[in-house]
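On the provided structure of chain U, position chain Y as indicated by the hints.
The listed protein sequences derive, respectively, from chains U and Y. Numbering of the first sequence is given in this note's numbering, commencing with residue 1 and proceeding in unit increments. Numbering of the second sequence is given in this note's numbering, commencing with residue 172 and proceeding in unit increments.
In short, the hints are calculated from the structure, not lab data. Among these hints, one or two may not hold up.
Claimed, not checked - Pairs of lysine to any residue, SDA-like flavour, derived with a Cα cap of 25 Å:
1. 246/Y - 23/U
2. 130/U - 333/Y
3. 518/Y - 137/U
4. 130/U - 340/Y
5. 180/Y - 44/U
6. 139/U - 516/Y
7. 163/U - 506/Y
8. 246/Y - 67/U
9. 180/Y - 454/Y
10. 130/U - 287/Y
11. 139/U - 344/Y
12. 246/Y - 74/U
13. 24/U - 74/U
14. 518/Y - 133/U
15. 243/Y - 75/U
16. 24/U - 333/Y
17. 236/Y - 250/Y
18. 24/U - 506/Y
19. 243/Y - 28/U
20. 110/U - 7/U
21. 130/U - 288/Y
22. 139/U - 117/U
23. 24/U - 340/Y
Please read these numbers as outputs of a predicted model, since none were measured by experiment.
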Amino acid sequence: MTDSLFFFLASLTLLCALMVVISKNPVYSVIFLILTFFTISAHYILLNAQFLAAVNIIVYAGAIMVLFLFVLMFINSGKNAQGKTKGVLSKVAGAIAGGLLFLVLIAALKDVQLEAVNPDTYDSQVGMVKNLGQVLFTKYMLPFQLVAVLFLVAMVGAVMIGKREAGEQNF
Amino acid sequence: MDSVDLIYKAIYILVIFGITLLIATYSTYFERKIAAFIQDRVGPNRAGPMGLLQPLADAGKLFFKEEFIPGKANKVLFILGPGIAMLVASMSSAVIPFGDMLIVGGREVYLQAIEVNIGVLYIFGVVSLGVYGLMIGGWASNNKFSLLGAIRAASQNISYELAMGLSLIAVLMLSGSLSLRVIAEQQAGFNWNIWYQPLGFLIFLVCAFAETNRTPFDLPESEAELIGGYHTEYSSMKLGMYLFAEYINIFVVSAVMSTLYFGAYNFPFMENLRNAFSDPVLGNNVVTLVGVAVMFAKIFAFIFFFMWVRWTLPRFRYDQLMKLGWNILIPLAILNILLTGGGILLKDYLF
Numbered sequence: 001m002t003d004s005l006f007f008f009l010a011s012l013t014l015l016c017a018l019m020v021v022i023s024k025n026p027v028y029s030v031i032f033l034i035l036t037f038f039t040i041s042a043h044y045i046l047l048n049a050q051f052l053a054a055v056n057i058i059v060y061a062g063a064i065m066v067l068f069l070f071v072l073m074f075i076n077s078g079k080n081a082q083g084k085t086k087g088v089l090s091k092v093a094g095a096i097a098g099g100l101l102f103l104v105l106i107a108a109l110k111d112v113q114l115e116a117v118n119p120d121t122y123d124s125q126v127g128m129v130k131n132l133g134q135v136l137f138t139k140y141m142l143p144f145q146l147v148a149v150l151f152l153v154a155m156v157g158a159v160m161i162g163k164r165e166a167g168e169q170n171f
Numbered sequence: 172m173d174s175v176d177l178i179y180k181a182i183y184i185l186v187i188f189g190i191t192l193l194i195a196t197y198s199t200y201f202e203r204k205i206a207a208f209i210q211d212r213v214g215p216n217r218a219g220p221m222g223l224l225q226p227l228a229d230a231g232k233l234f235f236k237e238e239f240i241p242g243k244a245n246k247v248l249f250i251l252g253p254g255i256a257m258l259v260a261s262m263s264s265a266v267i268p269f270g271d272m273l274i275v276g277g278r279e280v281y282l283q284a285i286e287v288n289i290g291v292l293y294i295f296g297v298v299s300l301g302v303y304g305l306m307i308g309g310w311a312s313n314n315k316f317s318l319l320g321a322i323r324a325a326s327q328n329i330s331y332e333l334a335m336g337l338s339l340i341a342v343l344m345l346s347g348s349l350s351l352r353v354i355a356e357q358q359a360g361f362n363w364n365i366w367y368q369p370l371g372f373l374i375f376l377v378c379a380f381a382e383t384n385r386t387p388f389d390l391p392e393s394e395a396e397l398i399g400g401y402h403t404e405y406s407s408m409k410l411g412m413y414l415f416a417e418y419i420n421i422f423v424v425s426a427v428m429s430t431l432y433f434g435a436y437n438f439p440f441m442e443n444l445r446n447a448f449s450d451p452v453l454g455n456n457v458v459t460l461v462g463v464a465v466m467f468a469k470i471f472a473f474i475f476f477f478m479w480v481r482w483t484l485p486r487f488r489y490d491q492l493m494k495l496g497w498n499i500l501i502p503l504a505i506l507n508i509l510l511t512g513g514g515i516l517l518k519d520y521l522f
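Chain U on its own, in the form it takes in the complex (with noise of 0.2 Å):
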């Protein structure tokens, strides 16, 4: 039963993955990369790991992609982007920056062998949101804060970005 699930999952999200990259339309596009979230979020609830799937789905879903569909309606209202091709030079230049993520992939993941579980030793519990902020708040302390410093750091650029300068007129 889960493992059928999980070729399905897999599938669902490779073909959602690869709409992104092939709808034409920037709209289509980030609509196909929701529902890519959707289904990684499934797998996150097939391995357990509840919190992980609700935060990815508050996050990426939730947040970034709304902000990614509100520039892109800013940029076109749907009129121009269609119909447009790109140039040979870029062409060849995606194929090979491609195929070289692609060497990097392979060569990175051919050596990789698969631990078998332990059914002594493994904890089914280990997502749930309290192993979670156990090991964040005690193992992973420094870490932890030094991403949330991170954050700040981001964001109080942001806002420096944002902040009117002295003189200047925005309306």
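Just chain Y now, with coordinates in the frame of chain U:
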């Protein structure tokens, strides 16, 4: 989970869905009646006794109107928009505990569709998805007013989600759990969260108005400047779905506020009522059923409050809306978190 539980869950989910739709339908009627009362009018009184069949007449009218799709609209997304709005709106009532446990034939029956240990996050995630229906519909209409409405909806939702999440954190600090059932159980009797979180509740209430796009925050569809905002081009039942989704959202947000701050199905002296019966099973069932009634009474009170505000307050200007969200509500919510943390520490220190 055996098959009896499965059948029970299926029936329960269908019933909750039906009740949601029924309440949303009759919200339209009561909105007009309350508006009429506030403006000293009579309101709808032709269809049925006291106009009670008015929602059915409205639905019939919407179904028989022409389905109009603008020539240059994106057809797929234009149809998808109201569907997404409706789907997302009716998703979130799944985790709300509408009542405690009934004992039927020795079997414990919980009046909650699904119990997940991330209930609050689930609600928050679904609420954050609510804007897609508006955005996609507004963009697909290929109309400048619709697009402006969609953009307003997006930026408003993102801005108020932050303050909403921060005000939720204070509740979670008190309860120590993300499960709505646990949060409801902790507020037994009259020990409601509102006594500990008055500021947090106020922030949550304002954000709830903004997230459901109700007056005074109904800028995405402000008819005076944007005609109809995101649903300018919609007609027939697709328009009906958008309006319906708004009322379902009001119902769900009212239920969430009752659960988080107003003690869900708990009411004062519930233990006295439970002990008044000599049979514990009967006592439990009576308390639970009264609790369900109390829960719905709280929800209806909130729905009434939403309508009361709509017909009392004027609309904000857009820069005022943004200023309220970013400059006032978010700092207040952070202050609320600090105060709550300090209060919890003080309580540990003193007692």
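Hints and how they fare:
1. 246/Y - 23/U: holds (16 Å)
2. 130/U - 333/Y: Holds, at about 23 Å.
3. 518/Y - 137/U: holds (22 Å)
4. 130/U - 340/Y: holds (15 Å)
5. 180/Y - 44/U: Given pair residue 180/Y, residue 44/U holds - Cα atoms ~24 Å apart, limit 25 Å.
6. 139/U - 516/Y: holds (23 Å)
7. 163/U - 506/Y: holds (24 Å)
8. 246/Y - 67/U: Answer holds: residue 246/Y to residue 67/U is near 23 Å, not above 25 Å.
9. 180/Y - 454/Y: With a Cα-Cα distance of about 24 Å, the restraint between residue 180/Y and residue 454/Y holds, given a limit of 25 Å.
10. 130/U - 287/Y: holds (13 Å)
11. 139/U - 344/Y: holds (21 Å)
12. 246/Y - 74/U: holds (20 Å)
13. 24/U - 74/U: holds (18 Å)
14. 518/Y - 133/U: Holds, because 23 Å separates the two Cα atoms, which is no more than 25 Å.
15. 243/Y - 75/U: holds (18 Å)
16. 24/U - 333/Y: At roughly 33 Å apart (the allowed maximum being 25 Å), residue 333/Y and residue 24/U break the hint.
17. 236/Y - 250/Y: holds (16 Å)
18. 24/U - 506/Y: violated (46 Å)
19. 243/Y - 28/U: holds (17 Å)
20. 110/U - 7/U: Judged against 25 Å, a Cα distance of about 21 Å means the pair holds.
21. 130/U - 288/Y: Status holds; Cα separation ~10 Å.
22. 139/U - 117/U: holds (23 Å)
23. 24/U - 340/Y: At roughly 41 Å apart (the allowed maximum being 25 Å), residue 340/Y and residue 24/U break the hint.
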